[in-house]
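Generate the whole structure from the sequences, applying the supplied hints.
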Amino acid sequence: MTLTKRIIACLDVNAGRVVKGVQFVDIIDAGDPAELARRHAEAGTDEIVLLDITATHEGRGTLIETVERTARQLFVPFTVGGGIRTLDDAAAIFDAGADKVSINSAAVARPELIDEIGSRFGAQAVIIAVDARRAGSGDDPVADAEVFVSGGRKPAGRKVLDWAKEAESRGAGEILLTSMDADGTRAGFDCALTARVSEAIQIPVIASGGAGTADHFADVLLEGKADAALAASIFHFGIADVRTLKQEIAKRGIPVRLPC
Amino acid sequence: MIAVIDYKAGNLTSVMKALHAVGADAIATSDSAVVVRADKIVLPGVGHFSATAFLEEHGLKEATEERMRNGIPFLGICVGLQWLFEGSTESPGTEGLKAFAGCCERFGEGVKVPHVGWNSIAVRESRLLRGVSSGEFVYFTHSYRAPVVNGTVAVTEYDLPFTAAVERDNVMGVQFHPEKSGTVGLRILENFVRLP
Numbered sequence: 013m014t015l016t017k018r019i020i021a022c023l024d025v026n027a028g029r030v031v032k033g034v035q036f037v038d039i040i041d042a043g044d045p046a047e048l049a050r051r052h053a054e055a056g057t058d059e060i061v062l063l064d065i066t067a068t069h070e071g072r073g074t075l076i077e078t079v080e081r082t083a084r085q086l087f088v089p090f091t092v093g094g095g096i097r098t099l100d101d102a103a104a105i106f107d108a109g110a111d112k113v114s115i116n117s118a119a120v121a122r123p124e125l126i127d128e129i130g131s132r133f134g135a136q137a138v139i140i141a142v143d144a145r146r147a148g149s150g151d152d153p154v155a156d157a158e159v160f161v162s163g164g165r166k167p168a169g170r171k172v173l174d175w176a177k178e179a180e181s182r183g184a185g186e187i188l189l190t191s192m193d194a195d196g197t198r199a200g201f202d203c204a205l206t207a208r209v210s211e212a213i214q215i216p217v218i219a220s221g222g223a224g225t226a227d228h229f230a231d232v233l234l235e236g237k238a239d240a241a242l243a244a245s246i247f248h249f250g251i252a253d254v255r256t257l258k259q260e261i262a263k264r265g266i267p268v269r270l271p272c
Numbered sequence: 326m327i328a329v330i331d332y333k334a335g336n337l338t339s340v341m342k343a344l345h346a347v348g349a350d351a352i353a354t355s356d357s358a359v360v361v362r363a364d365k366i367v368l369p370g371v372g373h374f375s376a377t378a379f380l381e382e383h384g385l386k387e388a389t390e391e392r393m394r395n396g397i398p399f400l401g402i403c404v405g406l407q408w409l410f411e412g413s414t415e416s417p418g419t420e421g422l423k424a425f426a427g428c429c430e431r432f433g434e435g436v437k438v439p440h441v442g443w444n445s446i447a448v449r450e451s452r453l454l455r456g457v458s459s460g461e462f463v464y465f466t467h468s469y470r471a472p473v474v475n476g477t478v479a480v481t482e483y484d485l486p487f488t489a490a491v492e493r494d495n496v497m498g499v500q501f502h503p504e505k506s507g508t509v510g511l512r513i514l515e516n517f518v519r520l521p
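For the record, the sequence lines run as chains A and B.
Sequence positions in the first sequence follow the working numbering and run 13 to 272.
Sequence positions in the second sequence follow the working numbering and run 326 to 521.
Where hints are given, some of them may not hold.
[What the hints assert, rightly or not] Example chain B residues on the side facing chain A (calculated, C-beta under 10 Å, incomplete):
| hint | residue |
| --- | --- |
| 1 | ASN336 |
| 2 | SER339 |
| 3 | CYS403 |
| 4 | CYS428 |
| 5 | LYS437 |
| 6 | PRO439 |
| 7 | SER445 |
| 8 | ASN475 |
| 9 | GLY476 |
| 10 | PRO486 |
| 11 | GLY510 |
Keep in mind that the hints were calculated from the coordinates and are not lab data.
Glycine is no exception: its CB is placed at the ideal position from the N, C-alpha and C atoms.
Set out below in structure tokens:
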């Protein structure tokens, strides 16, 4: 018995539609998050993350309705992120059927939000998403990696390692670490950065950004010491489905959940 | 009617949804008068062991104990399982129900805490786990573990072996989240719902 490494599918949603990311060739309506999430769970994905990429105030009602519809037939862990700024925002997302919320900019702006949501809904319900970029100079660009907010547009003036430790001490249950350097390249996760963060904290780290092949997942779960790996657009390219991906990474000795 | 006890320690939506998906007539309640009329009781759990103090303060512990003595099926989930033990080092001042011996303790150093994700279970025959085989995966998320005791019907190992499920007569508990454990989890909930 070993805790398995998780493969997490991320659905990027805008106005109730999946706008990029996971697609199955046999679905005509590839843009429906509820349908995609259900298919993914059936295929063996360990968790689903739904990210509201616009996260505008106007879109709030649409997001809640989307979360409700997606959660209705989904019996694996379900995380929702994007634009959650207050305890009330989080409560509405949980009421709609999410198990965890992912918080990024709002937690950097007001770290007490982590304590508030954690004490009301439990630490396991709070994922802190960290958008990270290696430092441009210095002796150790990995150790000095910086946090970015507002969808990666603004430097937060904080180091990734310090922020991850603070999030942990405030009661976050997991860290979702996205390497902005690797994101979109399909050249592999930032294993060095992921390992550094994973070693610095005791809570689990979900690696994100850069997935291109099954070996990339295996690399970040082994050398990167990640507890889980998340991807969206990888499922467009080369790898037919999660089951195949898991079979590939299992060959490298990584424990994964392969449903009977 | 299944009473799903709402002790204001988190979110019941997922548990309610999963119970309804397997055909249960379940209602969420904080009212002890509803609990004493229930045919079955589910105590879900996320969050802190100390939250179970709410049960005592609102007469829910007494109501639950009364129904358990009458032999109606009880299922504790996550902290709800831990509450069946004597207590937890997470909240030394809060007493559990003492249906099972021993105290829950935090996972040791050297492993990631919380224990989050899918782990396999080794099972022995029980009514709750009927049709579930050893080696099947279920979803856990917790920082404290219950000891393996007389009554343990499923064991999982992280830093040490711990109780993943207990069952003695009508009193049952699972450390993992059946409502988040796919078809295996729904099977377990269905087993509970169909108990006479």
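With 10 Å as the cut and Cβ atoms as the points, is PRO486 of chain B at the interface with chain A?
-> Hint holds; PRO486 of chain B Cβ to chain A Cβ min 8 Å, cut 10 Å.
Residue hint PRO439 of chain B, partner chain A, criterion CB-CB below 10 Å = Holds. Min distance 6 Å.
Grab the minimum C-beta distance from SER339 of chain B to chain A and call the hint holds if it beats 10 Å, violated otherwise.
-> 6 Å, holds
Does ASN336 of chain B pass the interface check with chain A, least Cβ-Cβ distance below 10 Å?
-> Because about 4 Å separates ASN336 of chain B from the closest Cβ in chain A, which is inside the 10 Å limit, the hint holds.
Under the criterion of a CB-CB separation shorter than 10 Å, is CYS428 of chain B in contact with chain A as hinted?
-> For CYS428 of chain B, the interface hint is violated, since the closest Cβ of chain A sits about 20 Å away, which is over 10 Å.
For the hint on CYS403 of chain B, does the least C-beta distance to chain A fall short of 10 Å?
-> Holds: closest Cβ of chain A sits about 9 Å from CYS403 of chain B, inside 10 Å.
Against chain A, is GLY510 of chain B within 10 Å by beta-carbon distance?
-> 6 Å, holds
Restraint check, 10 Å cut-off on beta carbons, for GLY476 of chain B near chain A | For GLY476 of chain B, the interface hint is violated, since the closest Cβ of chain A sits about 19 Å away, which is over 10 Å.
When the nearest CB of chain A is found for SER445 of chain B, is that gap smaller than 10 Å?
-> 5 Å, holds
With 10 Å as the cut and Cβ atoms as the points, is LYS437 of chain B at the interface with chain A?
-> It holds, given that the least Cβ distance between LYS437 of chain B and chain A is near 5 Å, below 10 Å.
For the hint on ASN475 of chain B, just tell me whether its beta-carbon gets within less than 10 Å of chain A.
-> 21 Å, violated
In summary, the structure is inconsistent with hints 4, 8 and 9 from the numbered list given earlier, while agreeing with the others.
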